[in-house]
Structure formats: structure tokens, C-alpha cells
Amino acid sequence: GENVEQHPSTLSVQEGDSAVIKCTYSDSASNYFPWYKQELGKRPQLIIDIRSNVGEKKDQRIAVTLNKTAKHFSLHITETQPEDSAVYFCAASQYGGSQGNLIFGKGTKLSVKP
Amino acid sequence: EAQVTQNPRYLITVTGKKLTVTCSQNMNHEYMSWYRQDPGLGLRQIYYSMNVEVTDKGDVPEGYKVSRKEKRNFPLILESPSPNQTSLYFCASSHDSYEQYFGPGTRLTVT
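For the record, the sequence lines run as chains Z and P. For the first sequence, the positions run 1 to 114 when the numbering used here is used. For the second sequence, the positions run 115 to 225 when the numbering used here is used.
Hint data in this document are derived by calculation from the structure and do not stem from the laboratory. Built from N, CA and C at the ideal position, the CB exists for glycine as well. A couple of the hints might just be wrong.
As the list claims (entries may be wrong) - Using C-beta positions, here's what the derived DEER-type ranges look like: (1) P:167 - Z:55: 31 to 41 Å; (2) P:166 - Z:1: 39 to 49 Å; (3) P:212 - Z:20: 17 to 27 Å; (4) Z:1 - P:179: 14 to 24 Å; (5) Z:54 - P:142: 24 to 34 Å; (6) P:119 - Z:26: 27 to 37 Å; (7) Z:53 - P:193: 40 to 50 Å; (8) Z:28 - P:130: 36 to 46 Å.
Unchecked claim - A few chain Z positions that, by computed beta-carbon distances, are all more than 12 Å from chain P: (9) 2; (10) 11; (11) 16; (12) 38; (13) 41; (14) 43; (15) 49; (16) 70; (17) 71; (18) 72; (19) 107; (20) 111; (21) 112.
Using the sequences provided together with the hints, build the complete structure.
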């Protein structure tokens, strides 16, 4: 089955700096890669996702890149702000078939220092 | 308001006492899923359902049961809870298994 590895487990940056979180996946059939943000005591919420037919997607200060050949994808946050502090999870799944598994990485705790 | 609800939000129980955590969504979503969240292990899928009467095992289904008799409800059943099922549980729903909308979570402690 699918296995998703996420690094680093913790990341501390100064406000205004960029943050990069990386994930690798094992199943070449996976074609959907979402990123979820979970603030302390809250539920996870989708912040951005990418499908395997594109290599990059941006939404304001957040971008995700996908390298299908190497089977890895990354989350990039620019101009970080204290409210970006949270745990971020990557995930992988096979959309479109009968599979409904969504496999998450173990998470990255991002701390943005003012 | 579009939402996923879970009940109870907090539960302390004893080993072996059957319990049910309810999950309901009002968005007419076909896909529903249960996850458990443990420190250092992230979110792990327990069971998911692509539609009414269709359920499948996720990564950690042992010790859990689910049913999907109605589109809006997807209860999680622990027939004989054990301490290793102490965890934070999230229900989620999705229109097409893309963006998942999570419920508020249920914190379960089994003593």
C-alpha cells in the first residue's frame, strides 16, 4: 500500500522567511496530493492540493510542487506570518478509481517567530 | 450552515464497554471517512465509505466497525474498546473524495 514520508517533523522560522515542507510517496498510482493545516485544538483544513497532471500550483503565499518521477511533492510558504504557525499534513490518494484511501504523512509542526 | 458534526466530543470509558461515536453531515456528500490522530503518528484512516451501504477498510481498521445506512450518517462503533484505542477521532466527508471536511473531533479515553 501507499506510504507517505514527511520532513521535517518540526520547523522554526522567523517571520517573513520562507518555509518548505517535503513529502515522498511510494505508490506511483497516487494522483491526488492535498495539504492540510491544523491549528492547535482545531480540526484539519485543506489549504492547497495538486493533481498529478500539473507540476505546480500557487495560491497567494502558498505553493505546492509535484515531481512525479521522483515521487515527491513540497509545500512552500513565503513571507511567513505568526498565524501560519500550525501542524501541516501532506497526503496522497488515488482519485478516480475505487480507492478511497487517503494516506497522511506524520505532520510538520511549523513555528513562526515574530 | 454546512458542517460535519460528531458526538460526543469527549468520552471517558472503561475497557470492554461498547460505544458508538456518531458522525453526521448536511452537505449531501457521498464520501465519508474516520481517522484517528495520535501524537507523532499523524492522521490514520480507519474506515471510509464511498456511498450508502459501501464501506472499506483504511489503514487501521482492527477493533472498529462502521455502517452507512443513510447518506448523512457514518457512525464509528467500538465493540470492546481497549486502552490502545485512546485517541482523538475525526470524521470527515467529501463530495468526490477530494477536499475533505473534518468534524470537530472526539477525544476518547479508555481506561
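Which hints, by number, does the structure contradict? Hints 2, 9, 12, 13, 14, 15 and 19 not satisfied by this model.
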